[in-house]
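Chain by chain, the residues run as shown.
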Amino acid sequence: AQSVTQPDIHITVSEGASLELRCNYSYGATPYLFWYVQSPGQGLQLLLKYFSGDTLVQGIKGFEAEFKRSQSSFNLRKPSVHWSDAAEYFCVVTKSSGDKLTFGTGTRLAVRP
Amino acid sequence: DTGVSQNPRHKITKRGQNVTFRCDPISEHNRLYWYRQTLGQGPEFLTYFQNEAQLEKSRLLSDRFSAERPKGSFSTLEIQRTEQGDSAMYLCASSLDLGSYNEQFFGPGTRLTVL
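Here the protein sequences come in this chain order: W and L.
Residue numbering for the first sequence follows my numbering, beginning at 1 and increasing consecutively.
Residue numbering for the second sequence follows my numbering, beginning at 1001 and increasing consecutively.
When the alpha-carbon atoms are kept at most 27 Å apart in a straight line, the in silico DSSO-like pairs for lysine-lysine are as follows: (1) L:LYS1057 - W:LYS95; (2) W:LYS100 - L:LYS1071; (3) L:LYS1057 - W:LYS49; (4) L:LYS1071 - L:LYS1011; (5) L:LYS1057 - L:LYS1011.
Read the hints as simulated data drawn from the structure, not as lab findings.
The following block holds chain L by itself, in its conformation from the complex (with noise of 0.2 Å):
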C-alpha cells in the first residue's frame, strides 16, 4: 500500500501520560500535515512541514503538543501530559509540492481516548 500510514490506529491512555503517533507520508511528498478532529466536528489544522521545517502551528498546539519530522520523511506527534480534551483522531496528510495545486492526501487517522 502506498497511501499515507499512520500508527498505532488506536491509543487509550490515563491522563497524565504521554503519547506519540507516527505517519509516514506517501514516498516522495516533501509536504505533511497534522489534523485534529473531535467528535461532531471536521478536522482542525495543528501544524505542517516542508521537508524538515515546521513552517506553521496553530494556536491549538498547546506547549504540551511538540511535532518533529527529523529527516522530512515520516513524522512524529507527541502530546505531554494528556488531559481528557485530548481525546480525538489525529489525522495526518502529505502532498507533493509541484508549484500548481497540491492534493492532500489523508491517512486513517490515530484515534486517542485519555481516561
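The shape of chain W in the complex, shown without the other chains (with noise of 0.2 Å):
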C-alpha cells in the first residue's frame, strides 16, 4: 500500500522569503504524485501534479515540486512566499488515474509580515 510521509507539522516563514515543504513517498512503482492545499472555509485546491516526464512541475500560484525517485521524495517549493499562502499542505499520492487518493499528515504554513 502507498504512504506519504510529510515531516514538518508546522513551519512559519516570513513574506517575500523562499519555502520548501518536504515530502516522501512509499510506492512500489511510480506513483501519481500531487499537493493540494488546504485553506481555512475552503476546500482542497489541487496547485500541482506529476505523472511521468520531466521531474520539476508547475503549478498554479507559483508553486513548484520536484519528483526525486532516488529519494522517494516530492518537495513543493516556492521562491517568495506571499502571506495569503498561509494554509495547510499536503502531499498526495495514488497508483493510478481515478484512484483513491493517500494524503500526508499535512504541513500548516504560517507566514509573518
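Quick one: dock chain against chain with the hints and give me the complex.
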C-alpha cells in the first residue's frame, strides 16, 4: 500500500522568503503525486501533479515541485511566499488515475509579515 | 456555482442518533468519492462510486456507515448510531473518467460534531 510522510507539521516563514515543504512517499512503482492546499473555510485545491516525464513540475500560484525517485521525495517549493499562502499543504499519492488518494498528515504554513 | 456542493455544512448531533449527508458532484462527473478528515490529519479515503456502482470501501467504513448514489448523480452518506469518534469533516470529491488523468475536485465538506 502507498503512504506519504510529511515530516514538518508546522512551518513559519517571513513574507518574501523562499519556501520548501518536504514530502516522502512509499510505493513500489512510479506513483502519481500531487500537492493540495487547504485554506480555512475553503475546499481542497490542487496545486500541481506529477505522473511522468520532466521531474520538475510547475503549478498554480507560483509553486513548483521536484520528483526525485532515488530519494522517494516530492518536495514543494516557492521562491517568494505571500501572506495569502498561509494554509495547510498536503502531499498526496495514488497508484493510478481515478484511484483513491492517500494524503500525508499535512504541513501548516504560517507567514510572518 | 458549478463546483461540488455538500449539505449540510455543519451538523451537531447527540451520540446514538443517525445522520445523513448529501453530496452533489460536478455535473456529468461519473466518479464520486467520500473522504473523512479528523483534526490534525489528512483526509482518509472512505469509499467511491463509478456512476451508481460502489467500487471500493475502506476498512474505516464500519457497518454503521452506508453510502449510496442511486441514479449516478448525487450521493448520500449515512451514519447510524453515531459515536463521538465519528466527529470529523466529511469531504466529497468528484471526477470525470476520461481515460487519462482524472482530477478529483473537492467540496467544502460537512463538519460533524457528535456530543
